[in-house]
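Those sequence lines, one after another, are chains A and B.
Quick note, our numbering runs 13 ahead of the 1-based positions in the first sequence.
Quick note, our numbering runs 894 ahead of the 1-based positions in the second sequence.
In case anyone wonders, no lab produced these hints; they're calculated from the structure.
Check before you lean on any hint, since a few could be wrong.
[To be verified] Below, computed lysine-lysine pairings styled on DSSO-like, alpha-carbon distance capped at 27 Å:
hint, chain 1, residue 1, chain 2, residue 2
1, A, Lys-202, B, Lys-980
2, A, Lys-181, B, Lys-1054
3, A, Lys-105, A, Lys-181
4, A, Lys-94, A, Lys-193
5, A, Lys-283, B, Lys-980
6, B, Lys-1054, A, Lys-538
7, B, Lys-980, A, Lys-279
8, A, Lys-221, B, Lys-980
9, A, Lys-516, B, Lys-1054
10, A, Lys-465, A, Lys-366
11, B, Lys-1054, A, Lys-193
12, A, Lys-221, A, Lys-147
13, A, Lys-538, A, Lys-236
14, A, Lys-195, B, Lys-980
15, A, Lys-221, A, Lys-202
Only a predicted model underlies this, so the values are computations on that prediction, with no experimental measurement involved.
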Amino acid sequence: MKLFSITALTTAVLLGTSVSALALERGGVMTYGRYTDSLFLDPVLNDANVDIWILTNIYDTLIAPSKDGLSLEPSLATEWKLNDAGDEVTLKLREGVKFSDGTPMTADDVVWSLTRAANPDNGIWNSLDASIDKVTAPDAGTIVIKLKYPDPTILSALSVFNTAIMPKAAFEAMPGATDKEKAEAFAQKPIGTGAFMLDSWERGASMKLVKNPNYWAMGEDGKPLPYLDGVTFEIIPDDATRILKLQSGDIQGAEFIPFARVAELKADDKLNMELFPSTKVNDIIVNVRPMIGDRENPLSDEKVRQAMNYAVNKDAIVQVVTYGVGTPLTSFMATTTPMHSGTAPLFAYDLDKAKALMAESKYPNGFTTSILTLAGNQDELATATALQQMWAAIGITLEIKQVDNASRTDQYRAGTFDMRAGAWTNDISDASQITSYFAYSPTIDALHSGWKSAEVDGLFVDSQKEMDPAKRAEQFARIQDIFNATGPTIPLYETPYPVALAKSVNGFYQIPLGNNVFREAWMAK
Amino acid sequence: MPLASFILRRLLQLIPTLIFILIVVFVLVRLLPGDPTSAILGDRALDADVERINRQLGLDRSLVVQFGVFVQSVFTGDLGRSISLKVPVTELIAQRLPITMLLTGMAALIALVLAVPLAFWAALYRGRAADTAIRGAFQVGLSMPVFYIGLILLTVFGAKLGWFPVGGYGDGFIDHLHHLFLPALTLALSLSAIIMRNLRSAIIGVVDAEYVQFARAKGISARLILLRHVLRNALISTVALFGLSIGTLLGGAVITETVFAVPGAGRLMVDSIYGRDYPVVQGLTIALAVLVSVTFLLTDLFQAWLDPRVAR
């Protein structure tokens, strides 16, 4: 089935190219159905994907992640250079960039925006910019970022949404005493340099973006982007209703199509069922502490974990849960993450090996353990039910505990869970973010599992200073080898972003980090 | 002035009720595992961030202090700011609650239009084919899950026939009514089934009563008997049931609002509970409590008009 998905992806890509070869048409408003609304449109202080994945249409960063998520492209900066020591970045600003209100973007705005993003008091993303010491503008077109220490991730960090450039004067003119209060006022009517600007927002119902008349990037026809006059987001929480509205022509795009309906929508000749490659990985996080409370924890036995891994038929789970849309993981990070390594699916299903490993473990007669799944989440429940059956074959009894998200987070952070379903998407096109949470124990105890490898911790610290990409890739390869073989997860599968679009829609895409990019989208009439 | 004193008495009763609700909702949302900070930061929360956000939200203060702040804000008419949406709670309630009220009102109206005439028909032709058919049809309406009825209505009358929009809320009052018709009908189906059954048996009880037979013997027209004697008396218990059901509808419109993508208060409430958005949950509960109390008061007043004994 892996082959099938790849073929499907290739077909989608090919279709995409052949369609955009048609003469593009300008104008029109595209309506896009979202499963839930955004919360807070501030690049620095937001804390959710529902904000991030939309923000990038209103704000630009100095550098942009490429469409495939693997490299960097010019955006508000046209060129950049990281010095050989790796502790100073010099960027040339694009000339003539204006904010959506018509005021020119200045070096002062850039200095202020980056300083605000890196301020440890602001939001939860500033750790990505922890190396920034001082941002200065030696002249109107140049920005120099002095770093506290060499940082190989700094350029990727400058492509992350939180370093978006905002107008200093307009922000500071907002009512409020603190940065947070000003941000809350500013986010009601944000001003950025992005392709679109916020026109109106009825919370929970719809958000209307209109074309930024001052946008700097040029389209294929030699005129400024975007092609669309506007994008309207309609909030349609129910999957079936969202699809129905797309099929009835009320909306032209719908996000998060349930995997169960992907095949059906692929066959619908009025729609393009897109599967955009993502950085999303799904796994089971395993608590490996020897004791959980006053209870002995069999999951701390490495042999047990290996047995459990071999006993899981990933292909079957990919079929049952993702209807063949996903692909088994080849590392704990997705194949779309730079410096991902590994080619073969991890722990290919081998029940005999699993049984042998169990027999060698401290628990040859099996044991009872539990898994936390999100109440109401059918995918997690289906996964847990499949695991229940698969692990029964090696003598493990699995209790499924359905809880709500806040309860699960509580037990997770306290380290009192046995296992839980886990999912992850990257926010930065670099391997460091996922590695820091998954494998580097000082961040959050390796996914709050209690797992710790001194070698991995050491390699990770080195990788954060290593300026030679080849050496850095080697370090990450070694980290992945260790984590994949002995780590605290049951790796399952990676999945693309399933988005269904009306046939008339061209040029829309979602990058692996999740950003919905509307600036090159256009609709055939 | 028995009526005025009745209303006054009922309004005074509202005060302890609201104080009770204030305390209960404050305690209940905090009894849930997890807190706004863990809901905001999610699985990736770092300890330093948790501490900082707790401080920013005032969650590091003692519960007594937090309750003091809450009560003070309620009495100044300011319900605080939403933690996740960063806007005043009063603004959110003003946006979302009227939508749910309109939806509930329409549902109640449709339920009455469906239930009352059919209840009469079924009662007057009791035991015959019409009665069985009407009761059977309502039974089906009552027993089908709301989201299923909703999806069927959406598919048939929205997507296939195009008579109604496929979900959403629209722009402008007429458009709102158009958008809300199918969700209101969905809600009305189960409500009308309950009303119809109750009213039918009440009518049967009244029709057989001696005073109706007496009126008939006096030669009063059947129409007048139905309106003045039968309907008025049969309605007493149905009105009470109807009032109670409106309360349930107000709080229970969540599923309908989700299926039909109606941005009402029900969805706001569920999202806020999941997000542990304490100020919104508290504010919305108070607003709903007032609304339900007012509905009950109106129900009682109507009942008092039907049956003056109620007001005594």
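Q) Tell me, which hint numbers fail for this structure? A) 2, 4, 5, 7, 11 and 12
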